[in-house]
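Chemist: Each chain, letter by letter, is given below.
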Amino acid sequence: MTDSKPTQKLVEIAKTIRSKNAGVDKITFDVIFRNRADYELVRRSKALTRESVATLYGISPKRISDFVEYDPACAIKFTIYRNRPSGSAGDPDIFGAQQYAPLMDIEIPLPG
Amino acid sequence: MGSTRIICPNGHLGFAPLNAESFKLGIAEKPDFIAADSGSDDVGPVPLGTDSSTSPLKWQEHDLEAMLLAARTLDVPMIIGSAGDTGANSRVDLYVGIIKELAKKHALPRFKLGYFYSEVAPGYLRTKMRQNNPMLGLDGRPDLTEEDLDATDRIVAMAGVHPFIDLLDRGADVIIGGRSSDSAVFASAALHRGHTPSQSYYLGKVLECASFCAEPYGAKETVLGEVNGDDAVLVTAMSPAQRCTVASVAGHAMYERSDPYHEHVAGGMLDMRNCVYEQVSEKTTRVTGAEFLPADTMRVKLEGSGKVGERFVGIAGIRDPYTVQHVDDVVAWAKSRVRDQFGTDGYELHYSVYGKNGVMGDLEPIKQSKSHELCVVVQAVAETAERAEEICMTGTRQMFYARLPDVKGTAGSVAFVLDEVLRASPAYRWTANHTVAVDDGLELFPRHMTDAGV
Numbered sequence: 000m001t002d003s004k005p006t007q008k009l010v011e012i013a014k015t016i017r018s019k020n021a022g023v024d025k026i027t028f029d030v031i032f033r034n035r036a037d038y039e040l041v042r043r044s045k046a047l048t049r050e051s052v053a054t055l056y057g058i059s060p061k062r063i064s065d066f067v068e069y070d071p072a073c074a075i076k077f078t079i080y081r082n083r084p085s086g087s088a089g090d091p092d093i094f095g096a097q098q099y100a101p102l103m104d105i106e107i108p109l110p111g
Numbered sequence: 000m001g002s003t004r005i006i007c008p009n010g011h012l013g014f015a016p017l018n019a020e021s022f023k024l025g026i027a028e029k030p031d032f033i034a035a036d037s038g039s040d041d042v043g044p045v046p047l048g049t050d051s052s053t054s055p056l057k058w059q060e061h062d063l064e065a066m067l068l069a070a071r072t073l074d075v076p077m078i079i080g081s082a083g084d085t086g087a088n089s090r091v092d093l094y095v096g097i098i099k100e101l102a103k104k105h106a107l108p109r110f111k112l113g114y115f116y117s118e119v120a121p122g123y124l125r126t127k128m129r130q131n132n133p134m135l136g137l138d139g140r141p142d143l144t145e146e147d148l149d150a151t152d153r154i155v156a157m158a159g160v161h162p163f164i165d166l167l168d169r170g171a172d173v174i175i176g177g178r179s180s181d182s183a184v185f186a187s188a189a190l191h192r193g194h195t196p197s198q199s200y201y202l203g204k205v206l207e208c209a210s211f212c213a214e215p216y217g218a219k220e221t222v223l224g225e226v227n228g229d230d231a232v233l234v235t236a237m238s239p240a241q242r243c244t245v246a247s248v249a250g251h252a253m254y255e256r257s258d259p260y261h262e263h264v265a266g267g268m269l270d271m272r273n274c275v276y277e278q279v280s281e282k283t284t285r286v287t288g289a290e291f292l293p294a295d296t297m298r299v300k301l302e303g304s305g306k307v308g309e310r311f312v313g314i315a316g317i318r319d320p321y322t323v324q325h326v327d328d329v330v331a332w333a334k335s336r337v338r339d340q341f342g343t344d345g346y347e348l349h350y351s352v353y354g355k356n357g358v359m360g361d362l363e364p365i366k367q368s369k370s371h372e373l374c375v376v377v378q379a380v381a382e383t384a385e386r387a388e389e390i391c392m393t394g395t396r397q398m399f400y401a402r403l404p405d406v407k408g409t410a411g412s413v414a415f416v417l418d419e420v421l422r423a424s425p426a427y428r429w430t431a432n433h434t435v436a437v438d439d440g441l442e443l444f445p446r447h448m449t450d451a452g453v
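So the sequences go chain by chain: C and R. The first sequence begins at 0 in numbering that gives the first Met the number 0 and counts up by one. The second sequence begins at 0 in numbering that gives the first Met the number 0 and counts up by one.
It should be emphasised that the hints constitute simulated quantities derived from the structure, not laboratory data.
Calculated cross-link-like contacts (lysine to aspartate or glutamate; reagent style EDC-like; alpha-carbon spacing at most 16 Å):
hint, chain 1, residue 1, chain 2, residue 2
1, C, K8, C, E106
2, C, K19, R, D41
3, C, K14, R, E214
Chain C extracted, bound-state conformation (with noise of 0.2 Å):
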C-alpha cells in the first residue's frame, strides 16, 4: 500500500473529452461532465487547468489562447494556437478532432 491519495482517470469522469478546429489557425478541447458534482470535483481539484494542459502537450503556455471553466455547461475548455493553419501539408488532423486523447488519463485526485 501507499500512502499517496486515490485517484480517478478524467476519462471515469467526465461525460465528453472532445477536439475540433475552432478556426483555422486554432484547436480547442471541451471536457464536459454529467453533473455539476463532478464539474466541481475536477475544476478544485487544480488537476485541469493552464499550467497542466501545457506540461501535458509539451508547449509553452502562451499557445493556450483561452482557458475557461463554463459553468453552463458543466464544462471546461481550452483552446491552442496551431503551429500552421489547418490542412497546411503534412497536418495530420485537418479538423482537429483526435488531439484529445491525452486528456483521458489526467489522473484527478478523489477527496476524502
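Start from chain C and add chain R according to the hints.
Modeler: Frame of chain C, contents of chain R only:
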C-alpha cells in the same frame, strides 16, 4: 409581436445528407422558414483554393431538393448560406443552377430566387490597405501584407445578416448565399420579421449546427427554433431520439469556439454571459438573457487560400523491431538524401509516422511508442508536379535504403504497399484569416434576383 419559427435540417448541407424522418416532423410543425448553412472552413484550404466542393454533388442536390419541395409546399422562404462548402462564386452559381433544375423537374410554380456573391478581388483589398485601412489579423495573426495577398488565389468575405435581409425585403422565396456566418442565415430571417437583434442572433447561434444542440449526439437531424414577443428563444429537437436540454443547448455555445460567451458577426457581437437556460418541456429548452452589442465599426471576416504547390504522397511500413526503434534515423536518412539531390529550398517534405506520433506530431506526450509496426506517410510539395513526384519518390524510396548500423535485414528497411507515389490535391494554405472595415454590411456582397419554376 407574433412568433417566428425556423427549422434547420443540417449543420453543413452537403457534407452528409439530412435524415428524412426528423425533417418530416419539422415540416409538420409548419415553420416560417427552412434554412441551413452549407459551408465550413474545417475542410481545409484546398476546396477554396481549387474552387471546388468537398461535398458530393448528389448529397448537395438531395438536401436542396428536400428543402425546396417543403418550402414551396408551405410557401415559406428557404435560406442557404455558404453555398457548396466554400461560398465561392462558382459554388453560388452551382446551387442557383441546381435550384432552377429542381424547379423545372418538379414543375414548381414560378418563384423568386435571390442570391449573392462573397468573393473579394485581391485588388479591391489592396486599394483599401493602401488607403490606410489595414486587414486586421484574427487569432493572433499579424495584419495582412501585400505579399500575403500576392500569395492568395481566392478570398471570400463572410456575410452577416445584411445581404440576406436585403433579399428577403425584396421578396425572395429562395436565397442562395455566398460565404456567410452560420448564425446570420437564421438571424436574418428573424430580424426581417421584426424581432430584436438579441433574440435573432441567439436563435441563429443555437440553430446553426442543427442537432448538435441536442442530445444524445446525432448529426443531421432537424431542430426547430422559435422566437416570440416575450424575449425568449425556444429550441426543440425534432428527432424522436433527441431532446434539446439545458446541457445540450448551453454546451453547443462552446462547440468549435474558443470563447463560449461571445459570438462575433459582421456588425457586432452576441454576448451570452447572462444567458439563462430552462427546460420547459421534454424536448424544448428556453433561453433568455442573450444580448447583441452592435460594433462601432463594421468589420467583415475574410478567408483566403493560396497555392503552395503540387503534392505527391508516399506510403511505407516498418516491421523490424530494430528499425521501428530507429525510425527517426530512417526518416533522417531519407531527408538527407532528398537534401543532397534537391537542396534545402523550394519544396516541402513532411513525414507522419503512424504508430509513433502520426496523429499528434509534436503534441504527442507518449514519446516511447510500443507499436510493433509503423506506417510512414510522406508528403512532398513542389512547384511542378514532376518535381513533387521526384522528391516524394526519393523521400519514400530512400527509406528502403536507410543505413542503420546494427540492422539484420539488409535487403530493404521498409515495406511498400505500393511501389509508387500518389498524386494528391495540390497543397494550399490559409493565407487570410483577417477582417476588413467596410462602409456597410452590403458592400462586399453583390445581390441578384432571378426567377425559377414554370
